[in-house]
Amino acid sequence: MNAIVFTALWGVIMMIAGAFVRSTTAPRYMGMLGIILVFVVNAMELTSGFSLFTLPTMDMVRSSTFNLTFLAVVFGITFLIFLLNGRDIEKIGKHKFEYFAILFFILCGVSLVSTFNNLLLLFLGIEIMTIPLYILTGSDKRNLVANEAALKYFLLGSFSTGLMLMGIAFLYGSNPVASFYINNMQFGVGALPVLTVIGMLLLLSSMSFKVSVAPFHFWTPDVYDGAPTVVTSFMSSVIKIAGFFAFLRLFENAFGVMHAQWQMLIALLIVATLLVGNITAIFQQSVKRMMAYSSIAQAGFMLFALFAMNDMAREGLVLYSAAYSLASIGVFGVLARMDDITYGGFNGMGKTHPLLALGTTVCLLSLTGIPLTAGFLAKFYMLASAVQTGVYFWLVVVAVLFAAVSAYYYFRVIRAIYFKSPEGNNEGIKVSRSFEWILLLIACLIIALGINPEWLLGWMFI
Amino acid sequence: MLGTYITFPELLIWIPLLAGILCFFIKEERAVKAFALIASVLILAVSAIALFYADESKYPGYNQVSYYWLKYLGNAYHLRLDSIGLLLSFLTALSYPLIFLSSYKQPRENAGKFFGLMLLTQAGILGVFSAYDALMFYFFWELALVPAYFLCSMWGGERRVPVTFKFFVYTFTGSLLMLTGIIYVYMHTPERIFSDGTSAMHSFSYSAFQAASLSAKEQGWLFWLFFAAFAVKMPIFPFHTWQPDTYDQSATPVTMVLSGIMVKMGLFGLLRWLLPVFPEGVAHYGNVVMWLAVIGMVYASLIAMVQDNLKMMVAYSSIAHVGLMAAAILTQESSGLQGAVLQMFNHGINIIGLWIVVDLIERKTGVKRISELGGVSHKAPALTIFVVIIGMANIALPITNAFVGEFLMFSSLFSYRILFAVLTLVCIVLAAAYILSMIRKVFYGEMVSSVKSITDISLMEKIALSVIVLFIFVLGIYPQPVLQFTESAIQALALK
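Residue numbers (the numbering used here), protein chains in the order written: chain A, 2 to 463; chain B, 649 to 1144.
The shape of chain A in the complex, shown without the other chains:
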């Protein structure tokens, strides 16, 4: 609750400040301050249940240590993005305050979708989250590719939101108590009414669209590729994990009783997503586009949380969110500072920028799922939760085979970094010393979570 109000307030404050303050560095520092404050008020609510605001929410919002821990991850990741790429956000265009304000509005949407208990709030949250994102995607106004990406994102995004609204309507009409509350849908276990099935499928499609699960992924590569890299970094981390969290929350609460009936569907989606994401990623020449497809592939793994839907899956989703986002913002953060974003741009980075190379490599190893990085334990949790369900063991085998495929394209970057010689002195990579150290900090966090994930997961059980 703290986070929802505070992020919205801070966004408004920044927007107003933009009208009066002329300083060029103020937005970045204000953004960082804001995110630290949000993190703190959220942590206060998590540890002691302290609430800044008491609003009559009519039980439409429900906080637990589970979703507050998740929000802590979200704010932590956003803070790291500001720290790593704050300057790049400023460089998007002229309206520096607005970019940060918009990011706070997005965070408000994220807070809503991670704590909603009512379908209307889910809808509201998704809209608050995505509409500012359409703007950010196209914020580089003179760039045609970005414009195309924004338009594409907007059209397809509104379409999927429409589907969601329709799904909500069907559910409202078909549940026995005519309720919008997801904890009070009261569907039986037996045969389902047709309207419920349609509603569920509509929600499944629209949520799949938001988290780019195949076959609803077509927007992802173009949008990720076209948007300014720092926005892509935000999109691939915070937006994606928030979408998954909402996905799991919705399906667990509203359709948990009939899990067995749609489990097979999720299994098929997992296979399709892993297949499309991994195989297409292999053929990309641009690392940014490869990372876009790899984010689809990673979504396949996160989908295991819905497939298994047990305690391990819930913990796993939080860990996976943190692990994947850390690695993803690391790689996109580096890409944001590079002129040449093909594999060639990474050539010889190990020689010219050893610290940067080390940080990037740790991120890539984590995405591949090598032990001692957070990515390994995250994948482990997901696979173990799926095995725990006791059905469809073949799905786990398929998933690890695709994880092996993913090594191909992640290691292709590592090969370029260490085993190719640089062209000139890699002048195309413009990073400062502090950038390198922040990247190493991210790498250390990845390794720390890989050694002891309890530092994060422990918060769920206080």
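Keep in mind that the hints are not guaranteed to be accurate.
[Claimed, not checked] Below 30 Å or equal to it, Euclidean Cα-Cα: the simulated DSSO-like pairs (lysine-lysine) are:
no., chain 1, residue 1, chain 2, residue 2
1, A, K431, B, K761
2, B, K675, A, K352
3, A, K421, B, K1016
4, A, K421, B, K675
5, B, K1110, B, K675
6, B, K761, A, K352
7, A, K352, B, K814
8, B, K1016, B, K761
9, B, K753, A, K352
10, A, K421, B, K761
11, A, K421, B, K1012
12, A, K142, A, K92
I should point out that these hints are in silico values taken from the structure, not numbers from a laboratory.
For this one, chain A is given, so just place chain B on it according to the hints.
Frame of chain A, contents of chain B only:
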């Protein structure tokens, strides 16, 4: 202090790990070489002392350590060196100084990184031999692979990057399949009660894995999931295709690690995990694997016959030897297991000797084709003596170390299925043929021009090769201590 604060397996992992990390920060090549050599000798000393504390009834807790790590998952940092683990750690510890000594004079680009990665690999390998917890085992298994990947890709021949990548993808796929197997068994283990009264739902501990309730059918396909990882590492036909190229293209010290020690990780995996955890799986599918191993032996021996490239020849001969060991392990007879364990040690020694020699020839003459060499013995008599001895050991002639092991394995295969024994015999004959003809062509006969200017081997190289020859003869004449050392562990593995 030992046994209470620190134990041998911990020392054996932490010394190379820390020394390896330190190496990255040493800039000067000579300093880093000396440092790595000293570290490896220290590890050897620790490992040698550990051998004397093997008896767990007399020295409890010296070779065993267990902390909780991911406690709520039922995972512990549990290391334990049993006699087989001790023997293989000793092999690992012994190989490293030999490898470093034999290439001491060789200039090395980015020496800090090279020796750092070498020692990190050693830490991973030693961890694999001592892990008593399935997740730890997987961790170390990968920890050995990642530095090896960088080692093979950064130093070596021109085609090294794609070749190593193939190696990496093969082994990584195998490892991941094993991981799914580990997770599956984990989910079927009994609840674990910790000493402080808390409990975890399942457990990764070795004892829990042995107690897991798995039906015969489940054991059957779990057998294959685990075997995938081990088969690629050993390698067993038809998973061997990465191996000759990688051996050929990697820098020789790395090749020595791969062929001398890493191969043993696969065989060790059979002994430690496959036989005890999936007895019914082994009973059902062991025969298939033995067929693969034996086919691989014959196939590799035939290819080694016609190889002109010295390194390729050694690589294929290694596949043949490993196939024999795998087949012998799967007979599950005590003589076969005894022979295989003994041979795992001896093969490590012999193949490193062979690589040292091959590398010396290539470095001195700049040629690695057998057909382009000749008359080396005139210029390098000392080298020739070593080659002949190591060559004999590779053919498993009596009084060399390999004879005892191969004889034991041969006898177990003979009682298991005569056809296997006959095919093994053919392979031993083929080995004699290609090793002897190599020695004849390269060291005797007409001296070719590239050989004219070479010198005999240096003192460092003599020391390294002498140690190897010493082991060849000592274990050839008196293998009893090693056999006794591993006796009880092997009796536990053998079918009653």
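Do the hints match the structure? See the list:
Note on A/K431 and B/K761: the hinted pairing holds, with a Cα-Cα distance of about 26 Å set against a maximum of 30 Å. A C-alpha spacing of about 14 Å is found between B/K675 and A/K352, which places the hinted pair at or below 30 Å, so the restraint holds. With a C-alpha separation of about 26 Å, the suggested pairing of A/K421 with B/K1016 holds against the 30 Å cut-off. Our distance criterion of 30 Å between C-alpha atoms is met by A/K421 and B/K675, whose separation comes to about 22 Å.
Note on B/K1110 and B/K675: the hinted pairing holds, with a Cα-Cα distance of about 28 Å set against a maximum of 30 Å. Among the hinted pairs, B/K761 with A/K352 is consistent with the structure: their alpha-carbon atoms are about 12 Å apart, no more than 30 Å. Proposed proximity of A/K352 and B/K814 is supported: the alpha carbons are some 24 Å apart, at most 30 Å. The suggested pairing of B/K1016 with B/K761 holds, with an alpha-carbon distance near 27 Å, which does not exceed 30 Å.
Taking the CA atoms of B/K753 and A/K352, the gap is about 25 Å. The hint holds against a cut of 30 Å. Taken as a hint, the A/K421 and B/K761 pair is honoured in the structure, with Cα atoms around 16 Å apart against an allowance of 30 Å. For a cut-off of 30 Å, the pair hint linking A/K421 to B/K1012 stands: about 29 Å separates their Cα positions. Restraint check for A/K142 and A/K92: satisfied, since their Cα atoms lie roughly 12 Å apart, inside the 30 Å limit.
Comparing the model with each earlier hint shows no violations; every hint is respected.
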